[in-house]
Amino acid sequence: MTTITESYVRETPRTARIDWSPYLVGAGIGLLSWIAFAVFGDPLGVTTAYSRIASLFAVPVIGPEAVAQNAYWKSMPLKWDYGVWFLVGIPAGAFISAVMSGTWRLELVPDVWKERFGPSIAKRFIAAFLGGAVIMYGARLAGGCTSGHGISGGLQLAVSSWLFLAVMFATGLGISALMFRKR
Amino acid sequence: MTAMMTILGPLVMGAAFGFLLQRGKVTSCNVIENQFRLRDFTVLKVMGTAIVVGGIGVLLLVDTGNTKYYVKDANMLAVALGAALFGVGMVVYGYCPGTALGAIATGSVHALVGALGMVTGAILYALSFDWLKTHVLNVWTLGKVRLPDVTNIPDVAWFAALAIGAGLFFWWVESTEARQRRG
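These protein sequence lines are chains A and B, in that order. If you're matching positions, the first sequence starts at 1 in our numbering and goes up one per residue. If you're matching positions, the second sequence starts at 184 in our numbering and goes up one per residue.
Hints listed in this document are in silico derivations from the structure and should not be mistaken for laboratory results. Careful: at least some of the hints might be erroneous.
Distance condition first, Cα-Cα at most 25 Å in a straight line; then the derived SDA-like pairs of lysine to any residue [to be verified]:
| id | chain 1 | residue 1 | chain 2 | residue 2 |
| --- | --- | --- | --- | --- |
| 1 | A | Lys114 | A | Gly174 |
| 2 | B | Lys316 | A | Lys114 |
| 3 | A | Lys74 | B | Thr324 |
| 4 | B | Lys316 | A | Leu165 |
| 5 | A | Lys79 | B | Leu295 |
Simulated restraints, written as ranges between beta carbons of each label pair [to be verified]:
| id | chain 1 | residue 1 | chain 2 | residue 2 | range |
| --- | --- | --- | --- | --- | --- |
| 6 | A | Leu31 | B | Leu351 | 17 to 25 Å |
| 7 | A | Pro119 | B | Thr334 | 46 to 54 Å |
| 8 | B | Thr334 | A | Val59 | 39 to 47 Å |
| 9 | A | Ile62 | B | Ser358 | 31 to 39 Å |
| 10 | A | Leu108 | B | Trp323 | 39 to 47 Å |
| 11 | A | Pro119 | B | Val328 | 46 to 54 Å |
Only a predicted model underlies this, so the values are computations on that prediction, with no experimental measurement involved. Backbone N, C-alpha and C fix where the C-beta goes; we use that ideal spot for every residue, glycine too.
Please put together the full structure from these sequences, using the hints given.
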């Protein structure tokens, strides 16, 4: 139990200055969804636009021909649409919030990770890269992420989205138990 | 909608979303990891409230003809496989795609490394799309269905159950957390 308490104590400085209730934040995101549906007809989501942008990065890797010929990017070409501008807004808003609340801080290795896997930056970066690759592949296969499926789909009571939520949390819990098991 | 609105609108919406994610502490890798370790329920509090508040509002908006549903296809095998990968990726990365974008702007360098991983994942998905389309995406497809369609239980009952379930769950979480703080 000591380690648990310690991890909370060490975590405290970063988050202590943000005192918004998670319920208030959740209600705010719910309200934002009303606007997204009623005004823009475009539910909150991230990864569809993300894969549009990824095609830009794919050009130097697999060549412009291969990108142009790709069936997926033909169905989802790069265009500066609602989703892409929404994506640009996310870091802007988070930055404003972090600066206003005094919680902006360089983080190379997060505390939870450090406690379990040590302070190696290389190790954390490799894991983050691989985790990022897996999460995006999964998001595209499933057709959405925590925002598009989890929140926007969940609130529409979509069958696909509730399946996503259930499987995502179940797998996450399992992997987390494996990763953070007591040695 | 004017040209200004088509850019400024989504930018402001994205910024509001990013702001809320940061205020809700879910742009912190520690908070996300500790959700899957069942030590911190912030993620579920935010998502649960967003789904209930957002869902009831969107239901009313649809019923009054102010918007329509944007349900994702229930390609059950693809969603289940994708969600499983997503759960693994989320725990290894420590972020989901949206919160990662917010985290980068709050100083998380490993989130930025993972974002490059996400680009890689998106490219790998595009490259494997043709195969997935004929082997995975077409298995057990239900279309754009909602839970009320497949169960014949009306929307109102679903949201009543969700709201009561979430309320009871959060009440239990809050009382447990209060006990831990005291003890």
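Tested hints:
no., hint, in the structure
1, A/Lys114 <-> A/Gly174, "holds (20 Å)"
2, B/Lys316 <-> A/Lys114, "violated (40 Å)"
3, A/Lys74 <-> B/Thr324, "holds (22 Å)"
4, B/Lys316 <-> A/Leu165, "holds (23 Å)"
5, A/Lys79 <-> B/Leu295, "holds (23 Å)"
6, A/Leu31 <-> B/Leu351: 17 to 25 Å, "holds (23 Å)"
7, A/Pro119 <-> B/Thr334: 46 to 54 Å, "holds (50 Å)"
8, B/Thr334 <-> A/Val59: 39 to 47 Å, "holds (46 Å)"
9, A/Ile62 <-> B/Ser358: 31 to 39 Å, "violated (54 Å)"
10, A/Leu108 <-> B/Trp323: 39 to 47 Å, "holds (43 Å)"
11, A/Pro119 <-> B/Val328: 46 to 54 Å, "holds (48 Å)"
Hints 2 and 9, counting from the list given before, are not met by this structure.
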